[in-house]
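Undergrad: Letter by letter, the chains look like this.
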Amino acid sequence: MAITSPSTKIWWNEPISKQELIWITIAFLWGLVMFFMMIYWHGAGEQNLSSEAYRIKPEVFAERTQAMIDEYTVREEAGFPVVRPPPGSDIYMLARLWQWWPILELEKDKSYRLHLSSLDYQHGFSLQPVNINLQVHPDYEMVVTLTPNQAGEFGVICNEYCGIGHHDMIGKIYVVE
Amino acid sequence: MSTQTEFRICATTGFKIDRNAEKLIKANAVVAVVFLAIGGLFGLLVALTRWPAVHFLPADMFYLALTAHGLDVLLVWVIFFEMALLYFTSTVLLNSRMAAPRWGWVAFFEMLIGALMVNVAVLQGDSSVMFTSYVPMRASPMFYLGLIIFAVGALTVCAIFFATLVIAKQEKTYEGSVPLVTFGALVAAIIAVFTLASGAVILIPTFLWSIGLVSHIDPLMYKTIWWAMGHSSQQINMAAQVAIWYAIPAMLFGAKPLSEKVSRMAFLMYILFLQLASAHHLLVEPGLASEWKIFNTSYALYLAVLGSMIHGMSIPGAIEVAQRRRGFNRGIFEWLRKAPWGNPAFSGMFMSLVMFGFLGGISGVVMGTEQINLIMHNTIYVPGHFHATVVAGTTLAFMAMTYLLVPLIFQREVMFPKLARLQPYLFGLGAAGISVFMMGAGTLGVPRRSWDISGADALLPYDFAGAAYMMMGLNGMAAVLAAIGGLSFIVIVVGSVFFGRRIGDTEAIVLQADAAAVGQYGSSDSHDIRGTLVLVAVFFISFVLYYFVNWKYLSEVWPLS
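So the protein sequences, as listed, match chains Y and C. Here the first sequence stands for residues 1 to 177, where the numbers follow the working numbering. Here the second sequence stands for residues 178 to 738, where the numbers follow the working numbering.
No lab work stands behind these hints: they were computed from the structure. Owing to the predicted nature of the structure, the values given are computational and were not obtained by experimental measurement. Backbone N, C-alpha and C fix where the C-beta goes; we use that ideal spot for every residue, glycine too. There's no promise every hint is true.
In the BS3-like style, the derived pairs of lysine-lysine whose C-alpha atoms are separated by at most 25 Å in a straight line are [what the hints assert, rightly or not]:
1) Lys346(C) - Lys438(C)
2) Lys346(C) - Lys110(Y)
3) Lys729(C) - Lys108(Y)
4) Lys193(C) - Lys9(Y)
5) Lys515(C) - Lys595(C)
6) Lys438(C) - Lys9(Y)
7) Lys9(Y) - Lys346(C)
8) Lys18(Y) - Lys349(C)
9) Lys349(C) - Lys193(C)
10) Lys349(C) - Lys9(Y)
Partner residues aside, some chain C positions facing chain Y, computed with beta carbon under 8 Å [claimed, not checked]:
11) Tyr311
12) Gln347
13) Glu348
14) Tyr479
15) Ser627
16) Trp628
If you want the footprint, here are the derived chain Y segments under chain C, 3+ residues with CB under 8 Å [claimed, not checked]:
17) 4 to 13
18) 25 to 36
19) 57 to 67
20) 101 to 108
21) 116 to 123
22) 143 to 151
23) 163 to 177
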């Protein structure tokens, strides 16, 4: 029994039944499939997270974001600047208690280098309803090349708990044709 | 230590039980259940708040309750219960006296004081930092100190466990190798040492930071090490619950693993690879290399998953073989149909096994895939997954085990037998509902740890799909069902332990009379496990399909690189 010592003292010499051997083999091979699937997707898939990141001081990140806002703001909405930077450029979204700043307006099927960082706590960049989720840290700047493939209005929800206003931390990205 | 060792002989099982160990098993199990009740209540409040139509608590109380819920159940309940299991498997199952009983009590009070300190800190309202307490968000110093004291207590129990194994070996209280269940507990204890040590490495500096002695804690470093505790502590549960899955069928009908060698190898995989899972929480963090993520998130080549998949065949297989020996030999599934479904120890154990595998295991592997994590990270899919593993899996398994510990260790009859028959189904169904509906809401993007998804007070609005609200409502209803099941468990256990009819050593009520008779057979190719093969095939097909469906979902989101 499993709650008593093995009845055969030399249990490690007992043969393994064929059924178990087959299952172990299948399970091992399936593990290999899943392992190589991740590597395969780096070559064949279009959704891979870059590991490009830099250490950055919050005030430096805030300055760079402000420079983009100063240059490309096209209008205002609910107190947020709506910024439309040229395709292919470096764009910034800054997380702070409890805002995603500013609102970005992007063009469909064009690529942008999105820079993300936080000025205070950790935040979660959750693009909805696309459902792309990235972790945003203070002191680290993450750079992701993003290519919106649908037009419309998208929400940026914070999905890392960041204090009492966490659920109100909603930002916006527009994608236009 | 000069403490006198007294034994009683359990007439049901013939085990020699050290009275000191018995008292510690009782104390740890009772405190565990009390914290399950407290943590469960906080969980119900959380679920009622996230039920959009009810939206029960105000925001500040919600985040407080969510912090307390995580700590009390994910840490305090499971670890206290695991301490009881460590004492049980090292003393009772080995017929041994325990090492250093006084240190057992020191550890017990350390853990209790630590747990109380954390609860007080959270209830004071200035430590609503969630279970994870990610820096630079700061809790009160008492919060971190309580966790450290708790961890020291648990480490002490692990040391006592190891020392007891040495004593049992030296005093030759058993012959040959330790039982498989004790081996599983040993694996749990080894993982616990790694886990608690990681906790100390990160929580001690964080405590010093909270009182101003350390100026800065790097948030990414914190997360990497914190999860070496946070995730690995769930692997203690994993090893402990697998040990229970082996123990209950052995105690009920003398089930024997198909192969000692295979089952022990599968346990060994846990020690070697489970700890890499810290990476599961770091798949969308800035700056980590893909090579590192792929190796770690897959536990090397999914070798820990391999271990679990082996247990997934070995355990039902052991049950099937034992049941067929008892005469339930007709067709493919008579052994399962005629299993003791009215015995809460069995029904709880079997549901725990199935739900852990199908809901928790598959979702965990899929979510832990490097790229697929992009469409799941920090959505409510994540709590959906771990409620399948820790609630439907671990907690239900621990509840099932409790139904055997009450007569064997507390020597009381289980009260309210009709309710007890029903209890695992209530709790299991509720827990399965919680898991499935949260996962469903997560695929629709609903964030975890959020008081309100309507964005009613936000400057910029965002509307989730109607289905997301429906999923959260269903989750609330499932949580109510689970709470009823949980409350039933508390009533039954507390009632039985304090007011149940005392049963003498001569009354055999748990173990079936034919238990020993079927325990004798060797491993061979003659095992008839057709039913198990069907179950395993269904599991494998579900796994493969669900895995590739999620790659399909991923391929449809915005390209990013």
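Undergrad: Against the structure, test the hints numbered earlier, and report the numbers of the ones violated in rising order.
TA: Violated: hints 2, 8, 12, 13, 19 and 20.
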